[in-house]
Each structure stands twice: as structure tokens, then as C-alpha cells.
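One line per chain: the protein sequences are A and B, in this order. All letters in the first sequence, in the order written, are residues 1 to 199 by the working numbering. All letters in the second sequence, in the order written, are residues 1 to 199 by the working numbering.
Hints are computed from structural coordinates only; laboratory data are not their basis. One thing to keep in mind: the hints can contain errors.
Chain copies aren't distinguished; within one or between two, either way the pair holds.
[Claimed, not checked] Listed below are the simulated SDA-like cross-link pairs for lysine to any residue, each with C-alpha atoms no more than 25 Å apart in a straight line:
hint, residue 1, residue 2
1, Lys153, Met176
2, Lys91, Phe125
3, Lys152, Ile35
4, Lys36, Arg168
5, Lys142, Thr33
None of these values were measured; they are calculated from a predicted model.
Number of protein chains: 2
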Amino acid sequence: MNAKNSYQNLDYENLPNIKKFTACDITQKFNPTGIKEPMIDFVFPEIPFPPKNFYEELGEEKIRELVFYHHNLMRKSAIGHLFTHEEDKFKIVLERTADFFLEALGGGEKYSSKYGHPHLRARHFPFTIDEKARDIWLMFFKKALKDLDVPKKYIKAFWEWLEPMSLRMVNRRTTMEMPKRYPFETIAHEFGLGENNEK
Amino acid sequence: MNAKNSYQNLDYENLPNIKKFTACDITQKFNPTGIKEPMIDFVFPEIPFPPKNFYEELGEEKIRELVFYHHNLMRKSAIGHLFTHEEDKFKIVLERTADFFLEALGGGEKYSSKYGHPHLRARHFPFTIDEKARDIWLMFFKKALKDLDVPKKYIKAFWEWLEPMSLRMVNRRTTMEMPKRYPFETIAHEFGLGENNEK
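With the hints as extra help, turn the sequences into a complete structure.
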């Protein structure tokens with residue numbers, strides 16, 4: 001975190017000059033006069049990328065395995081319809097997603113050399129992703145990290161990247177509430193970890 | 001507009017402290033290091049309610065006619081699937097929507113006495129409404145205002161309420177761009193009006 005990242009101190013719940021839908025007073029009486037103030041939906045929080053040594057330390061095979069395992073869980077889930085049934089095409093999706101993870105974790109331009117900038121939000125627009133679909137994506141990633149025994153020392157940084165990143169894919173809102181946050185502190189115990197990633 | 005409405009001077013394109021997806025530099029190279037900054041999608045602009053004398057001047061019958069005409073246009077359109085095929089249920093939707101318009105235009109608590117606060121955004125969550133669906137809703141309202149010969153003097157205030165209000169119903173995003181704005185100035189000529197609602 002450097003001095004430039006002043007947004008790290010931003011109070012999302014109380015942005016100056018603008019109100020959020022979550023702050024609506026739902027007990028208020030309807031009064032269709034005057035001017036209804038401008039609003040925003042919610043703030044997509046900052047995303048800290050994981051350290052670049054993850055690729056070297058975890059290894060390409062493990063990272064690919066993680067992506068494959070995660071996608072196979074999703075495919076059999078309530079959001080399975082978001083994935084193609086054609087094996088060949090599914091394999092292409094898997095490879096491309098793995099390339100993204102490899103690059104993000106320090107494996108060089110495995111993704112961007114082939115596909116350019118990920119623009120994850122834009123790339124997911126063809127698929128309806130609501131808050132629940134994002135929850136499923138994230139919970140299955142947690143399961144994958146556990147089931148594949150990703151070493152404990154990587155979990156915190158991995159999670160703190162995945163969790164806010166997954167929010168950017170939400171393109172269908174079904175509630176006035178902000179999508180649920182899952183801070184590492186709330187899942188650490190599932191990995192036998194304390195709040196600071198310590199055993 | 002009173003002194004309280006300082007948001008009237010808010011520069012939506014450059015909110016202090018927070019960036020919008022529309023401001024993304026899509027030519028930037030992917031660089032998965034450091035922290036990706038927090039973002040918002042777009043600002044739902046303020047909504048000026050129309051004057052309360054519209055109800056008395058236009059009359060209940062004309063306002064109900066407008067709502068019925070508009071809904072019948074939508075029902076036969078690309079967003080027709082959003083409306084029920086059952087005549088009885090459709091009629092209930094029509095009556096309820098008309099009650100909302102009547103109340104908003106000064107007809108007393110015709111809506112809220114029966115249904116409470118409209119909470120239009122929340123009420124529309126069960127229906128997938130993307131930017132295109134909102135365009136259709138709005139363009140058919142323009143057509144209804146024209147086809148039913150709503151007196152020219154009401155058009156500007158009507159439109160400047162409908163246009164930003166329709167944005168609040170968008171719950172499925174399919175683009176990084178802000179949904180299109182349709183300022184009155186850009187449609188005035190379709191009603192044989194100048195930019196200030198003058199013939």
C-alpha cells in the first residue's frame with residue numbers, strides 16, 4: 001500500500017456527496033414532490049493482487065488443477081447453466097481461465113499475450129451473474145483451496161484477491177443490499193488459521 | 001430547486017474520491033500487481049417530480065389511458081415477456097401502475113394507501129431489466145405522449161421525470177457504459193417543441 005492509494009481510507013458507507021441505495025430509508029412515506037436525489041448502487045471495493053511469487057511457489061500444475069477443480073464444482077451446481085456442455089469448448093474456457101490465474105499469480109503474460117487485457121467485468125456481460133451466482137463461485141473457490149490442500153500461508157492473500165474480484169462480475173442486481181462481503185477473518189478458521197493467517 | 005439540493009451541481013463524470021467503470025482506460029496493459037482501485041458503476045441521476053397540478057389538469061381518465069396505451073405497446077414488443085399473458089393479472093398490473101402515476105401527478109394517495117411506498121427499483125428486481133429494456137420502456141412512453149396528444153405544455157416536466165426515473169429500474173448491466181441519457185432537448189422537436197418547451 002503506498003501513499004497514492006488514498007482510497008484505502010475511503011469510507012465506502014459514507015461517500016461524500018452521494019448516497020447509496022443501501023442507505024434508503026425504507027420506512028419513509030412516499031412523497032412525490034421536489035427532487036429525488038442522485039444515488040449510486042454500491043462501491044466495488046479495491047482489489048489487492050496476490051504476490052507474484054505464488055506462481056513459482058505453488059507451481060503451474062497446482063494452479064491449473066485449482067481452476068479445473070473449481071470449474072468442475074461449478075458445472076454441477078445451480079450455476080452450471082453458465083457453462084457450456086460441449087467438452088471441447090469447456091476445455092477452452094478452462095485453459096483460458098487457468099492462463100488468467102497463472103498470469104495474475106506471477107507466471108508471465110500467459111493470458112494477455114493471447115487475449116489482451118482480461119477486462120473481467122466486460123467479458124462476463126453475456127452471462128447473467130447475480131449476487132447468488134457470485135456467492136457460489138466464491139464458496140466453491142474456498143472449497144477448492146481446501147480440498148486441494150493449498151498451503152496455508154497462501155490462503156489469506158489468495159482470498160483477499162478473489163473475494164473483491166468476484167464482486168466485479170456481478171451484473172444482475174436482485175436486492176438493494178450490497179452483495180455480501182466475506183472477509184478473510186470470517187473464513188480463516190475453516191483453514192485452521194487465525195485471523196492473521198497463522199496456525 | 002433549493003439550497004439543499006447541492007447535488008444539482010454534482011459533476012457525475014468526476015465524482016471526487018471514486019472512479020467509475022466508464023472511466024476505465026481500456027487501452028491499458030494488464031498489470032496484475034498492487035491494488036486495483038475501488039470503482040462504482042454509474043450515478044443514477046436526480047429525479048425531479050412533475051408538478052402536482054398535472055392530475056387536475058390532465059384528468060384521471062387521460063392518465064389511465066396513457067398507462068394502458070403504454071403497457072399495450074410494451075406487451076407486443078421485445079420486452080413483452082416481462083408482462084403476464086393472463087388478462088386478469090395484466091389488468092391488476094395496469095391498475096396498480098396507473099395508481100402510481102395518478103399519485104405522482106397529484107391525485108392523492110391512490111397508490112400508497114393500497115401498496116405503501118412504491119420502491120420502484122426494489123419492486124422490479126424479479127424482472128430482468130437491462131439498458132435496452134429501459135430504452136424500450138422510455139421510447140414507448142414518448143410514443144404514448146405523442147399518440148394520445150398530451151398537451152405540449154406538460155411534455156417537458158413529464159419527460160424530465162420519466163427519463164431519469166426509468167434508469168432506476170435497470171438491474172441487469174450489459175455494458176461498461178452508462179445507460180443512454182435522453183435529455184428533453186433531444187426529443188423536443190418530436191413534439192414540435194423548442195428546447196424550452198415552447199412551440
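These are the hints, each one checked on the structure:
1. Lys153 with Met176: Cα proximity of Lys153 and Met176: none, with 36 Å in one copy and 36 Å across.
2. Lys91 with Phe125: within (20 Å within a copy, 34 Å between copies)
3. Lys152 with Ile35: between (53 Å within a copy, 22 Å between copies)
4. Lys36 with Arg168: For Lys36 and Arg168, only the inter-copy Cα distance (11 Å) is at most 25 Å; the intra-copy one is 27 Å.
5. Lys142 with Thr33: Between copies, since 22 Å is at most 25 Å while 48 Å is not.
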